[in-house]
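Those protein sequence lines, which keep their order, are chains H and S.
Counting the first sequence from 1 gives a position; my numbering is that position plus 4.
Counting the second sequence from 1 gives a position; my numbering is that position plus 4.
Hints are computed from structural coordinates only; laboratory data are not their basis.
Mixed in with the good hints, there may be bad ones.
As the list makes no split between identical chains, a pair holds if one copy fits it or if it spans any two.
Here are the simulated DSS-like cross-link-like pairs (lysine-lysine), alpha carbons at most 27 Å apart as the crow flies [what the hints assert, rightly or not]:
1) LYS420 with LYS565
2) LYS303 with LYS56
3) LYS476 with LYS435
4) LYS615 with LYS26
5) LYS450 with LYS559
6) LYS559 with LYS62
7) LYS32 with LYS472
8) LYS247 with LYS494
9) LYS312 with LYS420
10) LYS37 with LYS62
11) LYS559 with LYS452
12) LYS481 with LYS263
13) LYS56 with LYS431
14) LYS309 with LYS431
15) LYS233 with LYS205
16) LYS247 with LYS450
17) LYS56 with LYS263
18) LYS312 with LYS484
19) LYS529 with LYS432
20) LYS420 with LYS472
2 protein chains.
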Amino acid sequence: MSFNATEFQLYLDHDNYETRNKWREFTKADIFKPRFDISMQESKHLAFERLKVVAENKVFSAFDFLKNPLNVFANHEMAGMVDHSLATKLTVQLNLFGGTVVTLGSERHLPIAEGIDDLSTVGCFALTELGYGNNAVEMETTAHWDQKTKEFVINSPTVLSQKYWITNGALHSNYAVVFAQLFIHGEHVGIHAFLVRIRNKDMTLRPGVFIEDMGHKFSSNGVDNARIKFTNVHAPRESLLNKYSDVDSNGVYQSKIPKKRERFLRVADRLLSGRLCIAAMSISNTKSTLCTAFRYASKRLAVGKTGKSDTPIMDFQLFQNAMYPLLAKSICLNVALNQIKTIYSQNAVNEPTMDVIRFCCVIKPMVTWNLRDVATRSVERSGGQGYLSCNRLAESIGFAHSGITAEGDNSILMQKVAKELMGSVEKKEYKLPELTQCPMRELPNKEKISDVETLLNLIKWREISLIKELGKVSYEKMAKGGTFYDVWMKEDNYLVQGLALAFGERVVAEFCTNELRLCPSGVRKVLDLMVRTYLAHVVLENLSWYLIHGTVNAKAATELKSTYREWIHEIHPQALNIVNAFGIPEHLLTAPIAQNYEDFNSRPNQGEVFKPKL
Amino acid sequence: MSFNATEFQLYLDHDNYETRNKWREFTKADIFKPRFDISMQESKHLAFERLKVVAENKVFSAFDFLKNPLNVFANHEMAGMVDHSLATKLTVQLNLFGGTVVTLGSERHLPIAEGIDDLSTVGCFALTELGYGNNAVEMETTAHWDQKTKEFVINSPTVLSQKYWITNGALHSNYAVVFAQLFIHGEHVGIHAFLVRIRNKDMTLRPGVFIEDMGHKFSSNGVDNARIKFTNVHAPRESLLNKYSDVDSNGVYQSKIPKKRERFLRVADRLLSGRLCIAAMSISNTKSTLCTAFRYASKRLAVGKTGKSDTPIMDFQLFQNAMYPLLAKSICLNVALNQIKTIYSQNAVNEPTMDVIRFCCVIKPMVTWNLRDVATRSVERSGGQGYLSCNRLAESIGFAHSGITAEGDNSILMQKVAKELMGSVEKKEYKLPELTQCPMRELPNKEKISDVETLLNLIKWREISLIKELGKVSYEKMAKGGTFYDVWMKEDNYLVQGLALAFGERVVAEFCTNELRLCPSGVRKVLDLMVRTYLAHVVLENLSWYLIHGTVNAKAATELKSTYREWIHEIHPQALNIVNAFGIPEHLLTAPIAQNYEDFNSRPNQGEVFKPKL
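Bound-form chain H, shown alone (with noise of 0.2 Å):
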């Protein structure tokens, strides 16, 4: 099996190559050489000029979320394979601070959203609090109307409701927009969102605002997180973002929404197109984590059959049963997102359905755990290599946890992207998936399932099997007196997380079946076979679920087992040419496994693999 590998990164890179490749040329130079024995302070002064160097090259605007929102996303995957910390402070000047600004201000706002496109403008997002990172509708800052000054004052009351975790807050922002409980003459009338100046033009603080830099962190050292408090900080009228709500000079207020709890809804909108963000820097910081690690597998020597160290680990099962399935799901989980992304792009920026909420939030636990597994087990096959740091495998983890936890716990998202699904099933506007067999009649009696259709339909069968298995459990509680928050929370949560995994897998499975026919020629068998082991793992990881329900026999299973094995083994020659066609530049792998490591390890080097001019 041979294949296009330019037109296999032209079919994965998707859109936006004019952006792509403006990245691929000025990140060759010297300041995006990674640095590791630099201190905490250097770290974040190098991931701040970094941005500088990206935004003095214009290839990102806060107002692409109006004209070109694929090019946001564009933006996060080239980000993604450069430095975690610059992709971090990124995501928040663009995404979240930046599309915050240039979708829910208007007129009144736009001197400082132009400056957003140049950091003249640099902006944090302040919204989580310490005491509420889980339930931001029950913040504690609030805002209130100073009728006598026509401005807001904004206050923390408590320890519980600073700020917490404010990408670029700790040094590089001179505007926040802060979010707080809005309080017109006494009446509380939900979250609002203020753009409120925190720095003065010398970047010393304004009156009222305590900022500390969150200390050292996992990882993305390089990102200035804050915990913020604010005490009687005045913010003007016009602070307010006012797409749906405003509050005129004489304090009356209005708003386009009616519920309380819809306009926090609507103004935290950047945290949805937020996930797409962590995922499209997630799923090409994947792309190079395998790129390293298969790199150094083809060239790192281990025992032969005479004993001598004449094989490649590429070469041994071991290696390929580990990480040639997380090739075929990453790849599968690529050309997943790049659908999610254009429907979201297309339709929802400002209005998304349920559909697209439902996509955003299950792509990101998707897309982040499979950065986690891949380059948790990238670490442990590369062996002592793995663990040093200019090789940087293991940065990842700590990249893949923060992407986790960001814009929601990939957990809570799950839950959340179940309890949407079971409503709209509920209001009955959940399109169920179409099955093309009948699997509960004639699956039971397959000796073979591993074919593309069969093993979709088996997917499929999953998820509208959990739907309904959750659906009466609910139901069966509910009649007997249990509380929905009781049966989901405390008694079937693992049938929530289940159900919602199960949908992710059939999206995935169905957007990548659906690709085999419209993907160019040059990609298809490559795809195909990378389909094909994905969904084969998916069932595989479901395959007690099956077995118990009678819809896999025992020769079957048997037998898709076997299958799998041998496409691993298929993936096996083209292994290293997939990753080297994933058209990470050779200035970005600068790890040495990825290069001459004999080489690098013939000099002094102090594990580093640039050493900077005085």
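Given chain H, work out where chain S should sit, using these hints.
Relative to the frame of chain H, chain S by itself:
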């Protein structure tokens, strides 16, 4: 269910209470307070200063290998809950270096050996080479006997023959145990170990010794890992550690071990105890990780029934399902490790039996993989707080990875386990697990399999079946002209890995169920719950295998799943008591989330829990 917390702690601590209590006292000193935003240089200094305090307290001795081997492991367990870098430096000083010198040396090495306990001798273990981490027996470093000077001349002839990852090497060692291919008058006699002075009294390097710090790492940056190259380094005749082999002043070589390969295995003996050391420091770190995560979960509030943040996340099934199976598994691994340490210490320090080799090689992977999972899930379930270094959950992911790789890559060790096991089976020296029920006859008709006896039988049955299957597959393929190497490494490695894990799970399950009879009464009930949950977990992890093989039917599988959930539910009221009964002193539970994180966040802290006096 109640239990006696003190008895539980003493039961898990198992031995050398005096050593443990001393550690619990002297670690109150400020020097043991964790520091995060410090330079690599400071980290290394700090780890060594801590090691000095440990030595001053005379809790460990390299001579414990001859007198009280369990005390070696007790020290590792205590170090594992204090500081990863300290633990790593300690294990090299005490086990790899110290243990090797004490057990392979003789009278003539005594002056140097006697300095190990008070650190007047600080040592490193120069075995691993850049190119031969996975095949040490093929190492390239040479020692040529020079009859003229009556010395050995040691050389690293190639880039790949550099000693790599050598803990204590970059800064603190004055001695190294150097492994090299020995040539006597040009004749190769195999790998031998030499006790070589590498630094002078003033800590300058000895002639011909090139040492470089390896630079920044994923974690444990307080460890001074080195790359070391030797160029015509002269070592006196007496430097040869001569328990098994020696060279007299006439250059006549003698060895008690005829085979070269055997000579290598015997001089690398401390790798075996080293696996128990790694397991020991990892199991205690697992316990402190669980304790921190559970304490936070018991206080961290999230959405309750009314929407307010009033419910601890520990009350959610999401947390319970993620963490309680790992709690049960961790305790079972701890119990099994205690048994294995005891067996090793009683009769295997010098001449390990096959049983002991398999135990040591299987328990290190199981414990370190479990720590990886515990740390990963603890970070994730603690949200943003898990990402802050001061909460000390994330660092355990890095520590787990160093354990996964050190003293033999986990998966390679698992291959060794399977190989030794199948070798013993072939020689009819392997005692197959004894079944008290005949699964193939009785179990498929059982509708209830959730009792300890049945679960244990199922686990044993799986090991027996996999032994047969791997035997059959190997035999058939080799009968058809296949090679053992291809079958094991390229075609059926999944079976090899599967068997090794099935063996390990059976060993742990069997030790634990035995302990249910032998353990103190105040511990029995809680241990019973942990063991039941672990056994069910193991069976459920392999459920599709049981279903395919017809050992378990769909009804019994469903029953087990439901009982398993009940057991998790049963753990809940005791979970916090259990982790608090691990006996980790409060002064070592420094994570703000393990104490009062609201208080910590009420004042400036820069992410540090301790501010040293300048």
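Verification of the hints:
Proximity of LYS420 and LYS565 under a CA criterion of 27 Å is satisfied inter-copy only: 25 Å between copies versus 33 Å inside one chain copy. When the C-alpha separation of LYS303 and LYS56 is checked against a cutoff of 27 Å, the pair qualifies neither within a copy, at 37 Å, nor between copies, at 41 Å. Taking identical chains as interchangeable, the C-alpha atoms of LYS476 and LYS435 lie at most 27 Å apart only when both belong to the same chain, with a minimum of 18 Å there against 49 Å between chains. For a Cα distance limit of 27 Å, the shortest separation of LYS615 from LYS26 inside one copy, 25 Å, qualifies, whereas the shortest one across copies, 46 Å, does not.
In this assembly of identical chains, LYS450 and LYS559 lie within 27 Å of each other by CA distance both inside one copy and across copies; the values are 9 Å within and 22 Å between. Proximity of LYS559 and LYS62 under a CA criterion of 27 Å is satisfied in neither setting, with 58 Å inside one chain copy and 62 Å between copies. For the homomeric pair LYS32 and LYS472, neither the shortest alpha-carbon distance inside one copy (54 Å) nor that between copies (56 Å) is at most 27 Å. With identical chains, the CA atoms of LYS247 and LYS494 are never at most 27 Å apart, being 39 Å at best within one copy and 62 Å at best between copies.
Taking the shortest alpha-carbon separations for LYS312 and LYS420, only the inter-copy value of 17 Å comes in at or below 27 Å, while the best intra-copy value is 54 Å. In this assembly of identical chains, the alpha carbons of LYS37 and LYS62 lie at most 27 Å apart only when taken from the same copy (20 Å versus 47 Å across copies). Both within a single protomer and between protomers do LYS559 and LYS452 lie at most 27 Å apart by alpha-carbon distance, with minima of 8 Å and 24 Å respectively. Taking identical chains as interchangeable, the C-alpha atoms of LYS481 and LYS263 are never at most 27 Å apart, the minima being 30 Å within one chain and 70 Å between chains.
For the homomeric pair LYS56 and LYS431, neither the shortest alpha-carbon distance inside one copy (48 Å) nor that between copies (68 Å) is at most 27 Å. For the homomeric pair LYS309 and LYS431, the shortest alpha-carbon distance between copies (23 Å) is at most 27 Å, but the shortest distance inside one copy (63 Å) is not. In this assembly of identical chains, the alpha carbons of LYS233 and LYS205 lie at most 27 Å apart only when taken from the same copy (20 Å versus 54 Å across copies). Proximity of LYS247 and LYS450 under a CA criterion of 27 Å is satisfied in neither setting, with 57 Å inside one chain copy and 65 Å between copies.
In the homo-oligomer, the alpha carbons of LYS56 and LYS263 never lie at most 27 Å apart, since the shortest distance is 40 Å inside one protomer and 64 Å across protomers. Taking the shortest Cα distances, LYS312 and LYS484 sit within 27 Å of each other only across copies (25 Å), while inside one copy they are farther apart (69 Å). With identical chains, the CA atoms of LYS529 and LYS432 are never at most 27 Å apart, being 38 Å at best within one copy and 49 Å at best between copies. When the C-alpha separation of LYS420 and LYS472 is checked against a cutoff of 27 Å, the pair qualifies only within one copy, where the shortest distance is 18 Å, while the shortest distance between copies is 47 Å.
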